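**Q** Model the full structure from these sequences, guided by the hints.
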Amino acid sequence: MPNALLTIDNLRKTFGALIATDGVSLGVETGEIHAIIGPNGAGKTTLIHQLAGMMGSDSGRVIFEGHDISALAAPARVRRGLVRSFQITSILKDFTALDNVALAIQAEQGHSFRFWGNAYADRNLRDPALALLEEVGLGARAHVRAGVLAHGEQRQLEIAMALATRPKMLLLDEPMAGMGAEESARMTAYLASLKGRITMLLIEHDMDAVFALADRITVLVYGRAIATGTPDVIRADAEVRRAYLGDA
Amino acid sequence: MSATITLARIVAALVLALCGVMPYLAPAVGEPFLIGLFARSMIWGIAALSLNLILGYGGMVSFGHAVYLGVASYTIGIFAFHGVTDAWIQWPVALGISAFVAFIFGAISLRTRGVYFIMITLALSQMFYYLARSAEMYGSDDGLTISRRSDLGISWLNLNNRVTLYYVIFVCLLLSLFILWRIVNSRFGMVIRGIKSNETRMEGIGIATYRYKLAAFVIAGTMCGLAGILEANFEKFVSPDTLNWPRSGEMIFMIVLGGMGSLFGPVIGAVVYWLLQDVLSDITEYWQIIFGPLLILIVLFARGGIVGVLNGKRRDA
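Those protein sequence lines, which keep their order, are chains Z and S.
Residue 199 in numbering that gives the first Met the number 0 sits at position 200 of the first sequence; the count goes up by one each step and never skips.
Residue 8 in numbering that gives the first Met the number 0 sits at position 9 of the second sequence; the count goes up by one each step and never skips.
A few of these clues could be false.
The list that follows gives simulated cross-link-like pairs (lysine to aspartate or glutamate, DMTMM-like), each with its CA atoms no further than 20 Å apart [said to hold, decoys possible]:
hint	chain 1	residue 1	chain 2	residue 2
1	Z	K167	Z	E182
2	Z	K92	S	E198
3	Z	K167	Z	E64
4	S	K195	Z	D93
Calculated from the structure, these hints are not laboratory results.
Keep in mind that this is a model prediction, so the values were computed, not measured.
**A** As structure tokens, then:
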């Protein structure tokens, strides 16, 4: 894959006898949205954990921008521009929505060994954080404590935090999880608006969203990538239909 | 943080004002012992403040915090034992040793989480406790009497004067409060609070949390060392018990009592703790029998401690 931003090379992960990731290889090209679909337990979230550096791999390599990042810890991968979102919403619940995003922006601006200035009054943090919240549609909720936001709003905040770190590539772990149809459609439209700017690896169960957004789709079953192709090809693939899309 | 006037802040201001006037107020109301009680409360207040940075703001339950206080006290005592009383030598060395010990404690314990973290801080502190007990030259079990207080070399700052010593402690408390206030609202402070709230998330936005937690440990340890310096000069005595884990437990009491993760909470907690001890020990020698259940009630029904109750709900003081 010559133009690949992210190359996954024969990645493996086992938990005892269970093979969660079974020699997965794939490449994600700069600018594309690459979706990974598969039934529950197919190892999708495990794969995200491995790519993000939050879980070690038994073997195989992760190559990002031509560098082998397999040995890097999670924070170091984020600083290189490979950023994940979480399937189970992971935000700072005691912080306001604005503080959540401000903290992510702070992380992107370099080290935080600054002990004296008041971060709550720092316009270099507050202004871009507010702008970003407005962009994802949470501007009016900036000063609400994140823990009391509605589920859909928390999902938006989750994305806003990921974006605040200025990623080159997003690893999106079911961004529409638990969302209603309307919220889901809005999130799909928003992700579509980021297309081209940010490369994405998207795990999602919402097939409308997947087929609307993805340039290419990989089907993961029992830790193995059984097919990769354009949405049309995947839709037509007999093995995929049998394994996942529900046709007998 | 906005400068709104809350009940908790009024109480905090009152407590600080009381600390400020006590050397004159106590004799006037015929209770001169209150001077000593408040001096001790302020020293413990500084220690509890420093622990609050890692416990209340950072969510790290350390049972080794008394060690930083103890090693600073011992440093003052050992210097004095060998005839060195110059504060400009004693104090920086004591602070440096506290910082170094905190660095070692942090570097080891912060690699673990939860119960293991607590156990390791406990184990490390007990090492120092037994080390002090076995130091025969410096009094071992009996402790070390400090014959001469630190000499600041400034005629109007003679620590042998009770009132001067009292106000040196008072100024150190104000200074510690100010420093902590700046730190918890800084970028660094945001990171420390964020780690308490959701450490995985912090890593997810690219923050290598270990080094921030370690830095917080060192800052807290150094500030606690200041309390140790003051205590050595106040008590003119230091014993192995200073390093023992129940002392760290008492600091945690004060924080829980006053209000975890609030700026003034630990100071209010320290003052109330010593007042309660004084009042309760008039009733019974076994005053902890009353104090223990009281603490349980606070944990069960007033999780924000005194500051939390005053504010009606949880918020920063």
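**Q** Which numbered conditions among the earlier hints are violated in the structure presented, ordered from lowest to highest?
**A** Violated hint (a single one): 1; every other hint is consistent with the structure.
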